[in-house]
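Chemist: Each chain, written out:
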Amino acid sequence: MAEAIQIDPIHQFQVQNLVPLGEIGGYHFAFTNSALFMFAIIASVALFILFATRKKSMVPSRTQSLAEIWYEFVEGIVTSSTGREGLVFFPLIFSLFSFVLLSNLLGMMPYFFTVTSQIIVTAALSILVILTVVIAGFYKNGFKFLKLFVPSGLPIVLAPFIVLIEVISFLSRPLSLSLRLFANMLGGHIVLKVFAFFVVILSSFGWLGFLGAAAPAIVGVALTALEFLIAFLQAFVFALLASIYLNDALHPAH
Amino acid sequence: MEPAAAKLIGAGLAVIGVGVSAIGVGLIFGNFLLGALRNPSAADSQFGRAFVGVALAEGLGIFAFVVALIILFT
Chain A
1 MAEAIQIDPI HQFQVQNLVP LGEIGGYHFA FTNSALFMFA IIASVALFIL FATRKKSMVP
61 SRTQSLAEIW YEFVEGIVTS STGREGLVFF PLIFSLFSFV LLSNLLGMMP YFFTVTSQII
121 VTAALSILVI LTVVIAGFYK NGFKFLKLFV PSGLPIVLAP FIVLIEVISF LSRPLSLSLR
181 LFANMLGGHI VLKVFAFFVV ILSSFGWLGF LGAAAPAIVG VALTALEFLI AFLQAFVFAL
241 LASIYLNDAL HPAH
Chain B
1 MEPAAAKLIG AGLAVIGVGV SAIGVGLIFG NFLLGALRNP SAADSQFGRA FVGVALAEGL
61 GIFAFVVALI ILFT
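In the order they appear, the protein sequences are chains A and B. Taking our numbering, the leading residue of the first sequence gets 1, the next gets one more, and so forth. Taking our numbering, the leading residue of the second sequence gets 1, the next gets one more, and so forth.
Each hint can be trusted.
Estimated spans, in silico, between C-beta atoms of each pair:
| # | chain 1 | residue 1 | chain 2 | residue 2 | range |
| --- | --- | --- | --- | --- | --- |
| 1 | B | L27 | A | V219 | 24 to 30 Å |
| 2 | B | K7 | A | I119 | 17 to 23 Å |
| 3 | A | S172 | B | L27 | 18 to 24 Å |
| 4 | B | K7 | A | Q14 | 20 to 26 Å |
| 5 | A | H28 | B | D44 | 47 to 53 Å |
| 6 | A | G212 | B | G24 | 33 to 39 Å |
| 7 | A | I69 | B | L27 | 30 to 36 Å |
Hints are computed from structural coordinates only; laboratory data are not their basis. Note that the structure is predicted; figures quoted are calculated from it, not measured. Even for Gly, the Cβ is constructed at its ideal location relative to N, Cα and C.
Starting from the given sequences, assemble the full structure and let the hints guide the process.
Modeler: In structure tokens form, the structure reads like this:
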């Protein structure tokens with residue numbers, strides 16, 4: 001019956017304890033499905049790259065050329081926004097991109113947990129980026145890093161306001177970086193689930209509803225394709241913004 | 001008005017921001033395409049910048065979405 005079907009699109013984001021590990025200081029520790037998928041993502045990235053580059057031939061095989069495309073794509077992101085000297089951050093950007101991409105794509109599989117739909121994960125990733133910016137900026141430039149907040153050629157009257165705005169914009173970076181990825185994944189998966197529930201609910205209304213259920217089913221298929229695009233796009237945007245923020249650490253005076 | 005109803009109306013008002021940010025994203029991509037069609041050779045080098053602008057515009061819409069979620073679920 002229709003009344004029995006509850007639309008519960010949030011259920012898929014629940015973190016479940018798989019193996020309880022005990023309790024320290026009132027906090028419960030457990031090996032969760034989130035942790036399981038993080039291990040799976042890291043293992044699949046590492047195993048694929050190791051497998052693809054096992055021969056290192058001059059004329060690449062199919063898997064090797066895929067790994068090369070992957071590598072050169074991230075290299076293009078880094079060099080286009082920070083220049084050649086930004087390549088010191090290449091391992092960080094490549095890891096971030098691969099982790100976000102794989103977790104977005106694996107999350108699209110049915111019954112799979114989307115790691116990046118947990119705000120704690122995306123917040124940790126973006127705090128990592130911003131702390132790298134701050135530490136690398138002070139390490140490379142000393143206190144000249146603070147020029148980041150004072151654009152060159154600024155009239156002295158305007159300086160306090162502009163500095164305030166620049167500081168606020170700098171502080172909102174980790175917030176927007178984490179929320180963008182989190183909300184895109186959360187929103188996309190909720191929409192997919194809601195359309196899937198529409199199909200189930202409509203098809204329980206007899207043959208007319210069964211015909212009507214074709215519409216949300218087709219929309220659901222189209223949205224799945226869109227979600228795969230968004231999964232890639234958000235990984236790209238995350239890597240691009242991370243390397244643009246790291247550019248500030250290398251060249252603070254703008 | 002009942003508090004629960006006010007909550008739902010507030011969440012509904014908050015997600016207007018998502019639609020407004022969609023206008024911003026459309027403007028950026030529209031103008032990018034306009035420029036790209038006039039000078040296709042320069043389009044590839046500005047592709048990243050278009051995406052940064054889109055990401056920033058989209059981020060503001062997502063703030064509105066998160067505000068709506070906070071209103072709904074707290």
